[in-house]
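Given the sequences, and given the hints that come with them, work out the whole structure.
The lines below spell out each chain.
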Amino acid sequence: MTTLDTRLRDLRTRRKALVPYFIGGLTADWTTYVSASILAGADVIEVGVPFSDPMMDGPVIQAGALRALSNNVTLESICHDLSVAAFEVPIVVMTYYNVLHHFGLERSAELLAQSGVAGVIVPDLAIEESTPWHDVATAADVATVLMVAPSSPAERVQRIGELSQGFVYAAARMAVTGRAADVGDASRVVQAVRATCDTPTYVGIGITTADHAREAATLSDGVIVGSALVQRILDGASAQELEGAISTFRRALDGASSEA
Amino acid sequence: MGPPDAGGHFGSFGGRFVPEALMPACLELDAAFRDAWADPDFVAEYHRTLREFGGRPTPVTYLGRLSERLGLSVYAKREDLAHTGSHKINNVVGQALLTKRMGKTRVIAETGAGQHGVATATAAARLGLACSVYMGEVDTVRQALNVFRMELLGATVVPVTSGSRTLKDAVNEALREWVTCVADTHYCIGSVMGPHPFPWMVREFQSVIGVEAANQLRDFGVTTPDFVVACVGGGSNAAGVFAGFADSSAQLIGVEAAGGSAVGLGVPGVLHGMRSLLLQDDHGQIEEAYSISAGLDYPGIGPEHAYLADQGRARYVAVGDDVVIEALQVLSELEGIIPALETAHAVAWLLRAAGDEIPAGSTVLLNLSGRGDKDVAQVRSILRGES
Ligand SMILES: Cc1ncc(COP(=O)(O)O)c(C=O)c1O
Chain A
1040 MTTLDTRLRD LRTRRKALVP YFIGGLTADW TTYVSASILA GADVIEVGVP
1090 FSDPMMDGPV IQAGALRALS NNVTLESICH DLSVAAFEVP IVVMTYYNVL
1140 HHFGLERSAE LLAQSGVAGV IVPDLAIEES TPWHDVATAA DVATVLMVAP
1190 SSPAERVQRI GELSQGFVYA AARMAVTGRA ADVGDASRVV QAVRATCDTP
1240 TYVGIGITTA DHAREAATLS DGVIVGSALV QRILDGASAQ ELEGAISTFR
1290 RALDGASSEA
Chain B
31 MGPPDAGGHF GSFGGRFVPE ALMPACLELD AAFRDAWADP DFVAEYHRTL
81 REFGGRPTPV TYLGRLSERL GLSVYAKRED LAHTGSHKIN NVVGQALLTK
131 RMGKTRVIAE TGAGQHGVAT ATAAARLGLA CSVYMGEVDT VRQALNVFRM
181 ELLGATVVPV TSGSRTLKDA VNEALREWVT CVADTHYCIG SVMGPHPFPW
231 MVREFQSVIG VEAANQLRDF GVTTPDFVVA CVGGGSNAAG VFAGFADSSA
281 QLIGVEAAGG SAVGLGVPGV LHGMRSLLLQ DDHGQIEEAY SISAGLDYPG
331 IGPEHAYLAD QGRARYVAVG DDVVIEALQV LSELEGIIPA LETAHAVAWL
381 LRAAGDEIPA GSTVLLNLSG RGDKDVAQVR SILRGES
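Chains as they are written, first to last, in this note's numbering: chain A, 1040 to 1299; chain B, 31 to 417.
Calculated directly from the structure, the hints in this document are not laboratory data. Note that beta-carbon positions come from the ideal geometry of N, C-alpha and C, so glycine has one too. Don't take each hint at face value.
Chain B side only, calculated, beta carbon under 7 Å to chain A, not exhaustive [said to hold, decoys possible]:
id : residue
1  : G37
2  : H39
3  : A51
4  : A160
5  : R206
6  : T210
7  : V300
What follows is the structure, given as C-alpha cells:
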C-alpha cells in the first residue's frame, strides 16, 4: 500500500472526497488558488502538468494547458512550486506519459516524491503499458491512479481495480474532460468498480455543478471537478471567488454524505 | 517485416498508449483485423475492390530519360495512377471494408494535405458509410480544394482550431472525437501510426504496393533492385513498398522532409498512442514539423520505421524544401509525370544521391506515391515568387 492508499481510506471514514483540478503554472500565483480551495474544504488536489498534445482533454483544459506552456511551465517548475507550498492535503499530478518518459521514469518518480506528490494520473498510459512506470513509482511511494471507462468490460475493470493505487478514477462518460449536462454513466461505472474492489472510487469527467457533485458522490466516495473550475480561473476569477465556488461543492458533498 | 508482438511492439517502439476508454476498441480492432486478414473472402473482396474501383494494379514504369540523366536504372511504382491520386486508397479500402465487417456505420479520419481525407470520403461513399474528416484550420486554407472534394463526396469536414491547427492536432481531435462515438464509429487513421493495431494493419493494407512491384520488376528482368526509395510522412507508402523487399538485399531508403525529420532530429517519446521517434523540446513537449508539403508535416514517424532505423534495416535521409520544387520540375519535364510534393522529396534525394550514395549503374525502385495535381497552384505561386 502506498501512503496515498492509507490516507484516502482514512478520509473515506470521515467524508466524501472533493478533488479540484488545477493546471500547474496557469497563473504565476496558481498555488494561492490551491490554498484557497483547501481552506474551502478540498480533500485532495489534482495538479495538471501541461502537455502540448492533451488527448484526453477538452477545449477548456487545452486552452489552460497552452496558456501555462506559453509561461514556460515545466514538470520541474511545477514540482518546485509544490515543494515550496508544501500543502497538507495529498497532491495527485495529472500528466501525459511523454512528459514522464522524456524526463526519465525513475527521475520523474523521485522528483515527484521529493516534491510531496502522493500520486499520478496518466490518462494515456493503458494498463498494458504501465508496468515500467508502476514499478518505479511504487518504489518511490508515488501511487498510480488508473481510470475505468464506461466502455471497460468486466475483466478490465477487475484488472484496473487490482492495479489502481490511492483511488480508482471512474470516468462518468465516454468523453474527454469538459463541462457536461449530467453525470452520465457514473452510477453504472461506480457499481462495476465496487463489484471488484474495495479501493475508494471517485467520479470525474464532466462534473460541472454542485448538483452533479452531490449525485455522483452519493454513488461513490468522491468527485473530481476540473473544467468547471479551470474555466473560472481562465475567466479571471480571484482566489477568493474560487474559494466560494469550492465551498458550494463542499456543502453539496456533505449533503450527499448525510443522505448516504 | 513480420508482425509486431502481441502488444503491438516493433522492438521498443509501437504499443498502445491510449485512454482506457479507447482500449476496448483497440482490442476489438486487433481481433477483427486478425480475423479478417486470415479470411480468404475478406482478402478477395479487398483485392476485388482495389481492382474494380481503386485502379489496381498500378503499373511500374521505366523512367528512361531520368535514368540516362542520372546514370542509373530507375523504375517507378505508379501509385499516382491509383484512384484519388495516391497510395492512400489502398489503406482506406481495407479499413472501410473492415468497418462494415465490424458492424460500424461511420468512419472518422484526420487529414493534413487532404489526400487521406479525400480517400476516406471516397471509400465511405462507395461503401455507404457516414464520414467526418478532421483537418487543421491552417490546412483547410492551404488545401481548400480538397475540402470541397470531401464535401462533394458527402463527408463533413471539421476544421480543427486547437494547438498548431495542423496534422498533429487533427489527429488529437479525431482521437478525442473517437472516445465519444467508438461504439458505432471506426477511426480510419491515415498512416502507419497510432496505437496497435493501426501501424501494423495499415502496413498490411499498403503492402500490396511492394508485393505488386516486386513481381512487376521481374517482368523487366530485375530480380532485386539495389535501392527502394520512398518519401516518409507517417510512413505508409514507404512501409507498403518496403514490405515487398524487406527480405531481399535491396537497400531501403526513407526520405523525410528536413523540417519534419523524426529519425534525424527526433528522440523516443509517446504521442498519438505509440512510442516512436518524435520531434520534441527539452521538456517533452511535441514540436511542430515544417514542410513545404502538408503531407509530410508530421513531428513523428510510424513505430515500425523507428525500429527499422534502429536495426539498420532501412536508412532515413532528409531533403529540404529548396530542392523539392526543382525535383518536381525535373520529373515533370523528363518523364511527363507531375509528382506530389511529398513524392518529390524522394525524387530530390535521387537527384542528390545519384553517382554518390547511389553508385552509378544501380537499379532503383522509386515509389511514386502520388500525383501533383493538388499541388500545382502552390508550386505556381512559389515559382512566380509569390510565396
Ligand atoms: C502523395 C503522398 N505521399 C506521401 C504522403 C505521406 O504519407 P505516408 O508517409 O504515410 O505515405 C502523403 C500524405 O498525405 C501523400 O499525399
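So, going through the hints one by one against the coordinates:
For G37 (chain B), the shortest C-beta to C-beta distance to chain A is roughly 6 Å, which falls under 7 Å, so the interface hint holds. The interface hint given for H39 (chain B) is broken, as the beta carbon of that residue sits about 9 Å from the closest beta carbon of chain A, more than 7 Å. The closest approach between the C-beta of A51 (chain B) and any C-beta of chain A is roughly 4 Å, which is under the 7 Å cut-off, so the hint is satisfied. Taking 7 Å as the C-beta cut-off, the interface hint given for A160 (chain B) is violated, the closest approach to chain A being about 18 Å.
Interface restraint check for R206 (chain B): the shortest CB-CB distance to chain A comes to about 5 Å, inside 7 Å, so the restraint holds. Because the beta carbon of T210 (chain B) sits about 5 Å from the nearest beta carbon in chain A, less than 7 Å, this interface hint is met. Against a cut-off of 7 Å between C-beta atoms, the interface hint on V300 (chain B) holds, since the closest Cβ of chain A lies about 5 Å away.
Figure legend: structure checked against the earlier numbered hints; hints not met, in rising order: 2, 4.
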